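**Q** Residue numbers (our numbering), protein chains in the order written: chain D, 1 to 497; chain W, 1 to 215.
If you're looking for bench data, these hints aren't it; they were derived computationally from the structure.
Source: prediction; values computed, not measured.
Note that CB positions come from ideal geometry on N, CA and C, so glycine has one too.
Hints are supplied without guarantee of correctness; some may be wrong.
Across the chosen pairs, the derived CB separations fall in these ranges [said to hold, decoys possible]:
| no. | chain 1 | residue 1 | chain 2 | residue 2 | range |
| --- | --- | --- | --- | --- | --- |
| 1 | D | Phe55 | W | Pro198 | 58 to 64 Å |
| 2 | D | Asp405 | W | Thr23 | 35 to 41 Å |
| 3 | D | Gly84 | W | Ala37 | 54 to 60 Å |
| 4 | W | Ser28 | D | Thr408 | 43 to 49 Å |
| 5 | W | Pro113 | D | Asp304 | 40 to 46 Å |
| 6 | D | Arg165 | W | Gly194 | 35 to 41 Å |
| 7 | W | Leu2 | D | Phe141 | 45 to 51 Å |
Partner residues are not named here, just some residues of chain D that face chain W (Cβ under 7 Å, in silico) [unchecked claim]:
| no. | residue |
| --- | --- |
| 8 | Thr34 |
| 9 | Met36 |
| 10 | Ala139 |
| 11 | Gly142 |
| 12 | Met143 |
| 13 | Pro144 |
| 14 | Asn186 |
| 15 | Arg190 |
| 16 | Val193 |
| 17 | Ala194 |
| 18 | Asp305 |
| 19 | Gln307 |
| 20 | Leu308 |
One letter stands for each residue in the lines below.
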Amino acid sequence: MTAAPHSEDDNLPGGPPELLGEFGEFGGRYVAETLMPAVEELARAWPKAWADYTFVDEYRAILRDYVGRPTPLTEARRLPEAVGGGRIFLKREDLNHTGAHKINNCIGQVLLARRLGKTRIIAETGAGQHGVATATACAYFGMPCTVYMGAEDVSRQALNVVRMRLLGAEVRPVTSGSATLKDAINAALRDWVASVADTHYVIGSVMGPDPYPLMVRELQRVIGDEARAQILDRIGRLPDAAVACVGGGSNAMGLFAAFVPDADVKLFGVEATGEGLQGRHAATMAKGRIGVFHGMRSLVLQTDDGQLLEAHSISAGLDYPGIGPEHAHLHATGRARYLGISDREALAATELLARTEGIIPALETAHAIAALPAVIRELGPEAVVIVNVSGRGDKDMHTVMTHLDPATLTLIEEAERGRKAARAAHQAAAGHGGEEALIVDGHELRAEGKEEHERRSGSRDGCVRPGARGEPRRPGRLPDRVRPRSQRLARADLRRL
Amino acid sequence: MLELGVPFSDPTADGPTIQAAMTRALASGATLSGALALAAEVRRRFELPIVLFSYANPLISYGPERLSRETAEAGADALLVVDLPPEHAEVLRGPASARGLGWVGLVAPTTTPARRARVLAASSGFVYAVSLTGVTGAPLDPSDPALHAGLATLRGASSLPIVVGFGVRKAEDVRALAGHADGVVVGSALVEAGQRGPAALGELVKSLRGGTLRA
Ligand SMILES: Cc1ncc(COP(=O)(O)O)c(C=O)c1O
Chain D
1 MTAAPHSEDD NLPGGPPELL GEFGEFGGRY VAETLMPAVE ELARAWPKAW ADYTFVDEYR
61 AILRDYVGRP TPLTEARRLP EAVGGGRIFL KREDLNHTGA HKINNCIGQV LLARRLGKTR
121 IIAETGAGQH GVATATACAY FGMPCTVYMG AEDVSRQALN VVRMRLLGAE VRPVTSGSAT
181 LKDAINAALR DWVASVADTH YVIGSVMGPD PYPLMVRELQ RVIGDEARAQ ILDRIGRLPD
241 AAVACVGGGS NAMGLFAAFV PDADVKLFGV EATGEGLQGR HAATMAKGRI GVFHGMRSLV
301 LQTDDGQLLE AHSISAGLDY PGIGPEHAHL HATGRARYLG ISDREALAAT ELLARTEGII
361 PALETAHAIA ALPAVIRELG PEAVVIVNVS GRGDKDMHTV MTHLDPATLT LIEEAERGRK
421 AARAAHQAAA GHGGEEALIV DGHELRAEGK EEHERRSGSR DGCVRPGARG EPRRPGRLPD
481 RVRPRSQRLA RADLRRL
Chain W
1 MLELGVPFSD PTADGPTIQA AMTRALASGA TLSGALALAA EVRRRFELPI VLFSYANPLI
61 SYGPERLSRE TAEAGADALL VVDLPPEHAE VLRGPASARG LGWVGLVAPT TTPARRARVL
121 AASSGFVYAV SLTGVTGAPL DPSDPALHAG LATLRGASSL PIVVGFGVRK AEDVRALAGH
181 ADGVVVGSAL VEAGQRGPAA LGELVKSLRG GTLRA
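Construct the complete structure from the given sequences, taking the supplied hints into account.
**A** Right under this line is the structure:
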């Protein structure tokens, strides 16, 4: 019961309702009492830091010299023809260090954590991009980092798990609940409740209790501030619209923040309708109800009883049953509009941007690209539109391969068969008869190891395709979250993490 | 006193035992109205005070007015909502007090004096002293002098009865805390005992109760 030594301003109210960080009827600080003092401390420290030029200068210098900002604003050359016209400008957050906008926020929050004297960082991650960005910021500053990640996402985004571990972060898979982003946040909050004295929780989007929605927006507004200056410089006027995908909503708020006061600039957020609004989806704006979740009052996908629903999107970063409170507010006031894009449309848009512009977007970003025809239809073929390319697609290549390009699998399979045949022939010639070997990821597995590998991976070539394991392949329909098993971490691997 | 938990899908202040219990309860169809019916049933047969414990979302989603009316009708006595700090409590506290229900505020080891005053001002019935900086079910040292000092400070700041909880598991713990609070809350340990069957549950309750008696 000893009150933790509290840095300053203990007598400041720190939280009468008008200072609770509310956006209209959304926002607030709905957390357990144990966390309230830390949240209040952040709410006091953040505006001071953001008004302190030494802090801001350091943040900007790191963004410039390490993250690689400013990111370009690329005018699309061939995309407009495919989406009904318009002049389309791509804000290239995919070119940031670590491949997405997430790092803008992480650098700022880890700087703030240092200022507050915190010595340990925790984070949640869905797609792994925020986890990688946090792990990167921690490596940069030499701070220990623990990342919570739903077990489901650990297997969907295995490459990002490797990246985080390589960067020195500890990755803790979360198996409770739906084992996705929301459960990773729950686990991070539980860690924070116990470690709040020395630990800062780097939330990855404009969500959670105040001051996070506001702080993360400010740390991401560099996207919009740059884009606004760049478009004015390029064409001498503001765009007609700004478009971005929305998971928690940070890349969108970062872009929107610079344009909210410009009433003539229409704002479009794009959420994931997954398999469609009748099926599994993550369409919080379309289907959510006001609720209290993860420290905030916002729109939430929930049952009539107030229990959270599991969200679904092919993109792990949009797979979240809530949304940042400021988006709920922009939605309620009509300042921003929110469109829905399905898994299938996002996949098609990934290919479209790759083929027309030579840019492979993250699946999250692809939702924003897929919404362009609707935006252009509404604003007309002369419209000037800025789209936030929130991240690059490297992390999603396996999902893309299974869903969009099974031909690649056939290609790999044939090559593998050819190589094995050649090897067998070579060994026979060299007199090594009999012993069959299989090359997996550069490791040669002997006969007994090979059997084990096949058992774990479910098929001979290490990949499960739609139609494998006896499921009839339904033409024209996306297979249900089928993943190559070789990319999934087995239970045993999870335990070892 | 019975603390009746209404399950929530995302109980962020709870450790693994209560999380799993809530998940099991939801999977087998537990609802708020079911919990209220259970409260009414207990009330018909026993005198003990009943506190409804949950998270904000299922309660608010039910409708604050309806929740307060039905809770009062069921004969329960107070609400304990872990993620509604005093700043946000009015949405439920208002309608609940109008129906004569108590509001149990929580004070944690991290709570500053300014916050403690705010929590106490919003509380009625009793105040819940969180024993440790962590989630329910975490390991507790019930003899920690800092814990006892904190309870004494809280005692000095309020005339409300003080009930201490989080990590209390056995009669020994209860004995160590007995002189420092007016009551103890046992959650995770009882849930675990309950899983071993009604006999084990009864035995633990009896043993815990033994801890409250002077030797
Ligand atoms: C590339 C990319 N875009 C968008 C998102 C969604 O997050 P937000 O809505 O906060 O921008 C993510 C989240 O992981 C992401 O990795």
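**Q** Holds or violated: the hint that D:Ala194 contacts chain W, with Cβ atoms closer than 7 Å.
**A** Because about 4 Å separates D:Ala194 from the closest Cβ in chain W, which is inside the 7 Å limit, the hint holds.
**Q** For the restraint on D:Thr34, tell me whether the closest CB of chain W is nearer than 7 Å.
**A** holds, 4 Å
**Q** Quick check on D:Ala139 please, does its C-beta sit within 7 Å of some C-beta on chain W?
**A** Interface hint status for D:Ala139: violated (28 Å vs cutoff 7 Å).
**Q** Using 7 Å as the Cβ threshold, decide whether D:Met36 counts as touching chain W.
**A** holds, 5 Å
**Q** Given a hinted range of 35 to 41 Å, is it respected by the beta-carbon distance of D:Asp405 and W:Thr23?
**A** holds, 38 Å
**Q** Hint check: is the beta carbon of D:Asn186 less than 7 Å from a beta carbon of chain W?
**A** holds, 5 Å
**Q** Return holds or violated for the Cβ distance of D:Phe55 and W:Pro198 against the range 58 to 64 Å.
**A** Because 59 Å falls inside the window, the suggested range holds.
**Q** Tell me if D:Leu308 is really an interface residue toward chain W, meaning its C-beta lies closer than 7 Å to one of theirs.
**A** Check passed: Cβ of D:Leu308 comes within 4 Å of chain W, closer than 7 Å.
**Q** Is the hint on D:Gly142 kept, meaning its closest Cβ partner in chain W is under 7 Å away?
**A** Where the cut-off is 7 Å and the nearest Cβ of chain W is about 26 Å from D:Gly142, the hint is violated.
**Q** Quick check on D:Met143 please, does its C-beta sit within 7 Å of some C-beta on chain W?
**A** With a minimum Cβ separation of about 21 Å from chain W (threshold 7 Å), the hint on D:Met143 is violated.
**Q** Is the shortest C-beta separation between D:Pro144 and chain W less than 7 Å?
**A** violated, 19 Å
**Q** Taking 45 to 51 Å as the hint, is the beta-carbon distance of W:Leu2 and D:Phe141 inside that range?
**A** holds, 49 Å
Violated hints, listed in ascending order, are 10, 11, 12, 13; each of the other numbered hints is respected by the structure.
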